[in-house]
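So the sequence lines, in the order shown, correspond to chains A and B.
For the first sequence, the positions run 6 to 121 when my numbering is used.
For the second sequence, the positions run 16 to 128 when my numbering is used.
Bear in mind the hints are in silico, worked out from the structure with no lab data behind them.
Take the hints with a grain of salt, since some may be wrong.
[Said to hold, decoys possible] 27 Å max Cα-Cα, derived DSS-like pairs, lysine-lysine:
| id | chain 1 | residue 1 | chain 2 | residue 2 |
| --- | --- | --- | --- | --- |
| 1 | B | K115 | A | K58 |
| 2 | A | K62 | B | K51 |
| 3 | A | K75 | A | K62 |
| 4 | A | K16 | B | K74 |
[As the list claims (entries may be wrong)] Chain B is nowhere near these chain A residues, computed Cβ spacing over 12 Å in every case:
| id | residue |
| --- | --- |
| 5 | T25 |
| 6 | N33 |
| 7 | Q42 |
| 8 | Y53 |
| 9 | G68 |
| 10 | Q90 |
[Unchecked claim] Non-contacting residues of chain A with respect to chain B, defined by C-beta distances greater than 10 Å in every case (computed):
| id | residue |
| --- | --- |
| 11 | H15 |
| 12 | V24 |
| 13 | H46 |
| 14 | R49 |
| 15 | L50 |
| 16 | Y69 |
| 17 | L80 |
Cβ atoms here follow ideal geometry from the backbone N, Cα and C, with glycine treated the same way.
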Amino acid sequence: DAGITQSPRHKVTETGTPVTLRCHQTENHRYMYWYRQDPGHGLRLIHYSYGVKDTDKGEVSDGYSVSRSKTEDFLLTLESATSSQTSVYFCATASTGERINTGELFFGEGSRLTVL
Amino acid sequence: GQQVMQIPQYQHVQEGEDFTTYCNSSTTLSNIQWYKQRPGGHPVFLIQLVKSGEVKKQKRLTFQFGEAKKNSSLHITATQTTDVGTYFCAGGFNAGNNRKLIWGLGTSLAVNP
Chain A
6 DAGITQSPRH KVTETGTPVT LRCHQTENHR YMYWYRQDPG HGLRLIHYSY
56 GVKDTDKGEV SDGYSVSRSK TEDFLLTLES ATSSQTSVYF CATASTGERI
106 NTGELFFGEG SRLTVL
Chain B
16 GQQVMQIPQY QHVQEGEDFT TYCNSSTTLS NIQWYKQRPG GHPVFLIQLV
66 KSGEVKKQKR LTFQFGEAKK NSSLHITATQ TTDVGTYFCA GGFNAGNNRK
116 LIWGLGTSLA VNP
């Protein structure tokens with residue numbers, strides 16, 4: 006498996022507080038993604054990055070922002086968490102593909118976020 | 016918008032029985048990927064199909080991509096308890112200058128020993 010580390014792995018927070026999830030990779034993959042996984046909705050793309058400081062929105066980007074200042078790190082920020090953002094968040098990376106990659110995705114172990 | 020429909024949603028089988036999950040798209044796909052997610056785990060890439068009519072095998076798993084590149088299937092022969100998990104397909108679509116990957120909702124497989 007690719008070296009992808011997500012932190013924190015579990016977090017409980019209150020509505021209205023900011024939350025940042027971190028994804029760190031050691032594979033030097035160009036592409037990085039944040040997905041959320043919810044029952045009945047499968048995996049949905051929040052934001053993705055196709056290079057350092059190059060990011061774009063996915064299908065469910067409202068309420069989320071991202072930053073990628075280094076190849077290895079991709080941060081997902083919830084500026085003001087809401088209960089609807091309770092989910093499992095997965096980071097993924099890919100080495101090949103085009104702007105929205107269609108090469109093999111390597112996933113991190115996930116971050117379970119609960120917003121009370 | 017583009018959708019990838021995956022059926023069935025759930026399947027329970029006895030160990031040793033076969034299992035098949037299907038993915039269907041209303042529009043032509045550029046490629047399709049299959050992933051497996053064990054309970055409590057993360058999705059793990061199984062395979063990618065690109066060519067029309069392509070068939071690939073991995074031990075007891077057989078993957079097919081339809082001639083029209085609108086459907087795909089994953090067939091597991093003689094299931095084992097280690098096959099338990101959710102199987103996802105993800106279809107690649109060309110979208111202007113970009114490509115999009117749209118995920119099916121997955122098929123959860125339970126295997127009774």
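Here is how each hint holds up against the structure:
1. Restraint check for K115/B and K58/A: satisfied, since their Cα atoms lie roughly 20 Å apart, inside the 27 Å limit.
2. Of the pairs offered as hints, the one joining K62/A and K51/B holds, with about 25 Å between alpha carbons and a cut-off of 27 Å not exceeded.
3. Between K75/A and K62/A the CA atoms are separated by roughly 19 Å; this keeps the pair inside 27 Å, and the hint holds.
4. As the CA atoms of K16/A and K74/B are separated by approximately 39 Å, the hinted pair breaks the 27 Å bound.
5. With a cut of 12 Å on Cβ distances, T25/A stays outside the contact zone with chain B, its closest approach being about 20 Å.
6. Interface exclusion of N33/A from chain B stands, the closest Cβ pair being 18 Å apart, more than 12 Å.
7. Not every Cβ of chain B is farther than 12 Å from the Cβ of Q42/A; the closest lies at roughly 9 Å, contradicting the non-interface assignment.
8. Non-interface status of Y53/A relative to chain B is broken: a Cβ of that chain comes within 12 Å, the nearest being about 10 Å off.
9. With a closest Cβ-Cβ approach of about 20 Å to chain B, G68/A is found to remain outside the 12 Å limit, as its non-interface label requires.
10. At roughly 19 Å from the closest C-beta of chain B, the C-beta of Q90/A stays outside 12 Å, upholding its exclusion from the interface.
11. For H15/A, the condition that its CB be more than 10 Å from all CB atoms of chain B holds, with the nearest at approximately 12 Å.
12. Residue-level check passed: V24/A sits 20 Å from the nearest beta carbon of chain B, beyond 10 Å.
13. Against chain B, the non-interface label of H46/A is violated: not every CB pair exceeds 10 Å, the least being about 7 Å.
14. Annotated as non-interface, R49/A brings its C-beta within 10 Å of a C-beta of chain B; the closest such distance is 8 Å.
15. Taking the minimum C-beta to C-beta distance to chain B, about 7 Å, the non-interface status of L50/A is violated against the 10 Å cut.
16. The beta carbon of Y69/A sits about 18 Å from the closest Cβ of chain B, which is more than 10 Å, so the claim that it is off the interface holds.
17. The claim that L80/A lies off the interface holds: its Cβ sits roughly 19 Å from the closest Cβ of chain B, which is beyond the 10 Å cut-off.
The earlier numbered hints that this structure contradicts are 4, 7, 8, 13, 14 and 15.
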